[in-house]
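Positions 67 to 492 (our numbering) are the ones given, in order, by the sequence shown.
Since the hints were made in silico from the structure, they are not lab data. Here a beta-carbon is modelled for each residue, glycine too, at the ideal position from N, C-alpha and C. Please note that the accuracy of each hint is not assured.
[What the hints assert, rightly or not] Capping the alpha-carbon separation at 25 angstroms, the derived lysine to any residue pairs in SDA-like fashion look like this:
no.	residue 1	residue 2
1	Lys-144	Gln-173
2	Lys-168	Glu-242
3	Lys-168	Tyr-383
4	Lys-289	Lys-304
5	Lys-304	Leu-145
6	Lys-168	Lys-477
7	Lys-289	Gln-192
8	Lys-287	Tyr-273
9	Lys-115	Ile-445
10	Lys-477	Ile-342
11	Lys-200	Lys-361
12	Lys-361	Gln-265
13	Lys-287	Phe-259
14	Lys-115	Gly-134
15	Lys-184	Gly-277
16	Lys-110	Ile-121
17	Lys-287	Gly-258
18	Lys-492	Lys-326
19	Lys-283	Ile-445
20	Lys-283	Asp-385
21	Lys-289	Thr-365
22	Lys-476	Tyr-105
23	Lys-326	Lys-200
[Stated by the list, open to error] Cβ-Cβ distance ranges computed for the label pairs, FRET-style:
no.	residue 1	residue 2	range
24	Glu-373	Leu-473	44 to 54 angstroms
25	Ile-174	Asp-488	42 to 52 angstroms
26	Lys-115	Thr-395	51 to 61 angstroms
27	Ala-111	Arg-475	32 to 42 angstroms
28	Asn-129	Gln-351	37 to 47 angstroms
29	Ser-349	Pro-482	38 to 48 angstroms
30	Asp-454	Ile-317	23 to 33 angstroms
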Amino acid sequence: MEKQSRKDLTMKRIIGLSLILLYHCAILAQNPLEQASGYDPELKAILEKAEEHEIQILYTQINRDSDGNPIFTDYSWKLDSYRYYYPASTVKMPVAALALEKLNELQIEELHAASPMKSHAARKIQTADFLDSKSETGFQSVDHYVKQIFLVSDNNAFNRLYEWLGQEYIYEKLQEKGFQQSRIIHRLSVSGFDTLENQYTNPVSFYGEDGELLYHKGLVKSKAPHAPLTQKVFNTIKGKGYYDSSLDSVIMTPFDFTHKNFISLSDLHGILKSLIFDEYLPSHQRFNISASDRKRMLTYMGMRPRESEYPDYDSTYYDSYVKFFMFGTDSTQMPASIRIFNKVGWAYGYLTDVAYIVDLENNVEFLLSATIHVNQNQIYNDGNYEYDTIGLPFFDLLGSYIYEFELERKKTGAVPVTYYRDLFEK
Numbered sequence: 067m068e069k070q071s072r073k074d075l076t077m078k079r080i081i082g083l084s085l086i087l088l089y090h091c092a093i094l095a096q097n098p099l100e101q102a103s104g105y106d107p108e109l110k111a112i113l114e115k116a117e118e119h120e121i122q123i124l125y126t127q128i129n130r131d132s133d134g135n136p137i138f139t140d141y142s143w144k145l146d147s148y149r150y151y152y153p154a155s156t157v158k159m160p161v162a163a164l165a166l167e168k169l170n171e172l173q174i175e176e177l178h179a180a181s182p183m184k185s186h187a188a189r190k191i192q193t194a195d196f197l198d199s200k201s202e203t204g205f206q207s208v209d210h211y212v213k214q215i216f217l218v219s220d221n222n223a224f225n226r227l228y229e230w231l232g233q234e235y236i237y238e239k240l241q242e243k244g245f246q247q248s249r250i251i252h253r254l255s256v257s258g259f260d261t262l263e264n265q266y267t268n269p270v271s272f273y274g275e276d277g278e279l280l281y282h283k284g285l286v287k288s289k290a291p292h293a294p295l296t297q298k299v300f301n302t303i304k305g306k307g308y309y310d311s312s313l314d315s316v317i318m319t320p321f322d323f324t325h326k327n328f329i330s331l332s333d334l335h336g337i338l339k340s341l342i343f344d345e346y347l348p349s350h351q352r353f354n355i356s357a358s359d360r361k362r363m364l365t366y367m368g369m370r371p372r373e374s375e376y377p378d379y380d381s382t383y384y385d386s387y388v389k390f391f392m393f394g395t396d397s398t399q400m401p402a403s404i405r406i407f408n409k410v411g412w413a414y415g416y417l418t419d420v421a422y423i424v425d426l427e428n429n430v431e432f433l434l435s436a437t438i439h440v441n442q443n444q445i446y447n448d449g450n451y452e453y454d455t456i457g458l459p460f461f462d463l464l465g466s467y468i469y470e471f472e473l474e475r476k477k478t479g480a481v482p483v484t485y486y487r488d489l490f491e492k
């Protein structure tokens, strides 16, 4: 055999090292969500029925440069912004942010988020709202509603902010910010409001400390487009029947979501990213909120109900009451070092969580959003959904998988621990 030249050996080593490097790069480039089924047999069984459960997942890795600026790397699994799912209470997140933005835009010196807010009734079906003994001031306010939305997902709080904004304002603002797969067009969990009545939003007044009127908005009928969702979104007709409470019987006709709220998972994920990382995103994606209002909102997003004084929540509202990822099946206290800034939704068999999760002791931070549908009998409104046996375990296991992946992942930069701890100091 001829002896190989030093040049040939060197070339072989270079080629060999290059192949090894390419292999490791390929491993690093793999979508971590593609490996989730290997984490736990129960999670694998759920993911194997992804089509049946209409699962969608979005995950954002976060590294930071030497100046602390975040660098995002996005991964998705089964993401489809045109496939309908019912977003339930997740729509409260953009509405809460827009309620603060609209106040800020008015530029009225004495008007702020804690100003007393009165909702009037101008149509037969509408109701008024003004006093609340559980608020710090004794009155309703945008700030008080925002707090209730994030701590316990209060429906009345959402409805009052929806009435303050109106369909048209919500639609136009989300479109301007690039969240164009979004349509929020109805109140939540109140009967009698059909498509037309939801277009009308209540008069709203704000008052100063001495009771003087600072601002009044009259009754408004929205001019926002009401084209059926089917023009952009498919799969809005679902199941094989639904329970009709007025007839106290099941109607064996598929349930129609065509005139229900919708917001794509990618839009929700983007909205949360904008709220958490406001200063690092393009200006058109940001919410025009004052620094103090934004800080309070983030505090509410990450608080546990037991940490609240106004309102004062009892043990019914445990730490993970509205935290699905990692702790969805656990009603005990969450670790002090972990904060989850999020918004969940659950209704009609759909569960969704959009979350920024940070571990202040272990330098872990990531964004994770997912939705799942659990309605095996395909009957809607009957209250028979597999939330506890499939839905919440899915979020618990998926969140734990990504968290443990992040614990082991080599990353650059550090979580701004002081900033997040300061949000929760008394």
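Against the structure, the hints:
1. Lys-144 <-> Gln-173: Roughly 43 angstroms between the alpha carbons, so the hint for Lys-144 and Gln-173 is violated.
2. Lys-168 <-> Glu-242: holds, 14 angstroms
3. Lys-168 <-> Tyr-383: violated, 30 angstroms
4. Lys-289 <-> Lys-304: The hint is violated at about 28 angstroms.
5. Lys-304 <-> Leu-145: holds, 19 angstroms
6. Lys-168 <-> Lys-477: Given pair Lys-168, Lys-477 is violated - Cα atoms ~38 angstroms apart, limit 25 angstroms.
7. Lys-289 <-> Gln-192: Since the Cα atoms of Lys-289 and Gln-192 sit roughly 19 angstroms apart, the hinted pair holds (cutoff 25 angstroms).
8. Lys-287 <-> Tyr-273: Within the cut-off at roughly 24 angstroms; holds.
9. Lys-115 <-> Ile-445: Satisfied, since the Cα-Cα distance of roughly 19 angstroms is no more than 25 angstroms.
10. Lys-477 <-> Ile-342: holds, 19 angstroms
11. Lys-200 <-> Lys-361: holds, 22 angstroms
12. Lys-361 <-> Gln-265: Given that 25 angstroms is the threshold and the Cα spacing comes to 32 angstroms, the pair is violated.
13. Lys-287 <-> Phe-259: Status holds; Cα separation ~14 angstroms.
14. Lys-115 <-> Gly-134: violated, 40 angstroms
15. Lys-184 <-> Gly-277: holds, 12 angstroms
16. Lys-110 <-> Ile-121: It holds: about 13 angstroms lies between the C-alpha atoms, which stays within 25 angstroms.
17. Lys-287 <-> Gly-258: The hint holds at about 17 angstroms.
18. Lys-492 <-> Lys-326: violated, 40 angstroms
19. Lys-283 <-> Ile-445: Measuring from Cα to Cα gives roughly 41 angstroms; hence the hint is violated.
20. Lys-283 <-> Asp-385: violated, 37 angstroms
21. Lys-289 <-> Thr-365: violated, 34 angstroms
22. Lys-476 <-> Tyr-105: holds, 19 angstroms
23. Lys-326 <-> Lys-200: violated, 32 angstroms
24. Glu-373 <-> Leu-473: 44 to 54 angstroms: Violated, since Glu-373 and Leu-473 (Cβ atoms, about 25 angstroms apart) do not stay within the stated range.
25. Ile-174 <-> Asp-488: 42 to 52 angstroms: Violated, at about 29 angstroms.
26. Lys-115 <-> Thr-395: 51 to 61 angstroms: violated, 19 angstroms
27. Ala-111 <-> Arg-475: 32 to 42 angstroms: violated, 26 angstroms
28. Asn-129 <-> Gln-351: 37 to 47 angstroms: Check failed, 20 angstroms falls outside 37 to 47 angstroms.
29. Ser-349 <-> Pro-482: 38 to 48 angstroms: Violated, at about 22 angstroms.
30. Asp-454 <-> Ile-317: 23 to 33 angstroms: Holds - the Cβ-Cβ distance for Asp-454 and Ile-317, about 26 angstroms, lies within 23 to 33 angstroms.
Checked against the numbered hints given earlier, this structure breaks hints 1, 3, 4, 6, 12, 14, 18, 19, 20, 21, 23, 24, 25, 26, 27, 28, 29; the rest are met.
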